[in-house]
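Take the sequences, apply the hints, and build the full model.
Listed below are the residues making up each chain.
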Amino acid sequence: MKAIVNISLKAGVLDSQGKAVHHALDSLHFSGVDDVRVGKQIILQLSTEDKTEAMNDVTKMCEDLLANTVIEDYTIELV
Amino acid sequence: MKVSILQFPGTNCEYDTQHAFEDLGATTEIIWHKAKSIPEDTNLLVVAGGFSYGDYLRSGAIAKFSPVMKAVKNYADNGGKVLGICNGFQVLTEAGLLPGALKRNDGLHFISKHHNLKVINNDNIFLEKLSNGDVVNIPIAHHDGNYFIDTDGLTELEQNNQILLKYTDANGKTLNPNGSVDSIAGVCNKEKNVFGLMPHPERAMELLLGSDDGVKMLQGFMEA
Chain A
1 MKAIVNISLK
11 AGVLDSQGKA
21 VHHALDSLHF
31 SGVDDVRVGK
41 QIILQLSTED
51 KTEAMNDVTK
61 MCEDLLANTV
71 IEDYTIELV
Chain B
80 MKVSILQFPG
90 TNCEYDTQHA
100 FEDLGATTEI
110 IWHKAKSIPE
120 DTNLLVVAGG
130 FSYGDYLRSG
140 AIAKFSPVMK
150 AVKNYADNGG
160 KVLGICNGFQ
170 VLTEAGLLPG
180 ALKRNDGLHF
190 ISKHHNLKVI
200 NNDNIFLEKL
210 SNGDVVNIPI
220 AHHDGNYFID
230 TDGLTELEQN
240 NQILLKYTDA
250 NGKTLNPNGS
260 VDSIAGVCNK
270 EKNVFGLMPH
280 PERAMELLLG
290 SDDGVKMLQG
300 FMEA
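Sequences listed follow chains A and B, in order.
Residue 1 is where the first sequence starts when you use the working numbering, and the numbers rise one by one after that.
Residue 80 is where the second sequence starts when you use the working numbering, and the numbers rise one by one after that.
Label pairs and their computed distance ranges (CB to CB):
(1) A:Ser-27 - B:Glu-108: 49 to 59 angstroms
(2) A:Asp-26 - B:Asp-202: 41 to 51 angstroms
(3) B:Ser-210 - A:Thr-52: 51 to 61 angstroms
(4) B:Gly-104 - A:Val-33: 55 to 65 angstroms
(5) B:Lys-192 - A:Thr-52: 49 to 59 angstroms
(6) A:Ala-11 - B:Ala-249: 33 to 43 angstroms
(7) B:Gly-104 - A:Asp-26: 53 to 63 angstroms
(8) B:Gly-89 - A:Leu-14: 24 to 34 angstroms
(9) A:Asp-57 - B:Pro-146: 14 to 24 angstroms
(10) B:Pro-118 - A:Glu-77: 40 to 50 angstroms
Derived by calculation from the structure, the hints in this document are not laboratory data.
We put the CB at the ideal spot given by N, CA and C, even for glycine.
Shown next, in the form of structure tokens:
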């Protein structure tokens, strides 16, 4: 099973990279963009096929290492 | 006076830090990150600057799991004095020894220059040689120096006099180089034995190098 972890800065924490990308899109005349957030994706190849176990494990990985929950939010998708 | 200085793969300010403290009369020892303990006669533990583990994932994120960090936590929990400079500050926030987090500079650039800092709270061993409102000139060199803490956390820092230094101009007027909340350059923990700052006092130890304002800062520890 694969776990796809998406990590991005929390709402309310200024995302300066997102802002810079937004600005660049504006200057390329892509006018329909209201907001840009830049995050990172971590793809984990897991040995388990048990979804509950996988979700528990990956949540702990996010809390301990993959995300800094002071400034970042994460989502986990199992596929 | 014994200063132990942590060295992770990618640390690069350990020898500057060693030189600075030896100039002040301390004996020093560099501690490799695989050590399971820190020397018993340590009076001050410094987490030196650099790019531990190449800043992979986030600055300081991998270093916090180095074997030596357990000993560092124990040392701090028992009242031992800990100073984190630059990447050391990032490591200490990641490890939960200091509040807040450091994110990418707002301008997205690495900033390397001398900057003025105003002393906000000197009721601690680190800044006791300086007065509140004093302005010191210290180099900064960082990509991820943008200090973040939420509103409640900021209130707590203010109430407990945990804000050490803020970025200013030469007159002490706010000048924020990197987007830090409230222009904060350094903080300490509630118990005032763990200190962290992005600027490099160890690089401001002699006028020949542009400033010796770091002497007054590091000297505070020498009388511990």
